[in-house]
Amino acid sequence: MEFSDELLAKINVEPLQAGLDICNHVSDKIRTYSGEAQGNLLLEAGLILDKMIKNNLIQSAHKLPPVKGGKPANTADFMSFINGVSKDLKAAAEHNKAMHFQEQIEQRLNRMITGSFGYELTDGDLKEVQGLLDQLRSAITSSTELKDDHRQRLLKRLEKVQSELHKKLSTLDGLYCLAIEASIVAGTIGKNAEPIARVAKAIAGITWRTHSHTEGLPSGATSPLLTSDVATNLID
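Residues 1 to 236 (my numbering) make up the sequence shown, in order.
Check the hints yourself; a few may be wrong.
[To be verified] Straight-line Cα separation of at most 25 Å, DSS-like style, residue types lysine-lysine; simulated pairs:
no., residue 1, residue 2
1, Lys68, Lys29
2, Lys147, Lys54
3, Lys160, Lys90
[As the list claims (entries may be wrong)] Simulated DEER-style distance windows between Cβ atoms:
no., residue 1, residue 2, range
4, Gly216, Met112, 19 to 25 Å
5, Thr32, Asp134, 28 to 34 Å
6, Ser212, Asp21, 40 to 46 Å
Hints in this document: simulated from the structure, not taken from any laboratory. Glycine is no exception: its CB is placed at the ideal position from the N, C-alpha and C atoms.
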């Protein structure tokens, strides 16, 4: 096989980058291959990209060319398909880069300019969240029951939250999503996931408190989701 298990495992965690890696590999190797080896490379890459498109992991309007007898019916058509997908993925990567840059600017302005709408953590909450994120990282990396794709997905989300964590935030989405996903993943491995579940619940609680304070809810208001019997049974 042309593509390693490590690269295939990356597809569910970083599909855009994995797709680009596959396209780039074909571009780098295709001229050094000939005959059957060239056809095998194009077939394997084409089938992987097609599967990713069909599972909505990457976006492209290009269609996989016909396969005949376990080989590309036309290698030129396969190369055209892969090049077309590569162009779409590069455009998506540039768009994501631009949007991330815009988001960084907006977050900086919200922190620096008084009057911009946003959320503000207390000094104590900020310090506590930072500590909880460190605890969560430790619990994720030390767990022997987490699947690799779950571990990598959680670590990637955690790293993004840590890189964007400041006293003033333009959005609480990152903290909410991290707490929810960590709770769900914890639920898949049962009682041994208690360290992950407890940290997730604590992060959700601080996030809710910050959100409710900003929206003007009474001091001490609690989230129905964090106090209901159903939620408690899932997390505790």
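Outcome of the hint check:
no., hint, result
1, Lys68 to Lys29, "holds, 23 Å"
2, Lys147 to Lys54, "holds, 23 Å"
3, Lys160 to Lys90, "holds, 22 Å"
4, Gly216 to Met112: 19 to 25 Å, "holds, 24 Å"
5, Thr32 to Asp134: 28 to 34 Å, "violated, 46 Å"
6, Ser212 to Asp21: 40 to 46 Å, "holds, 43 Å"
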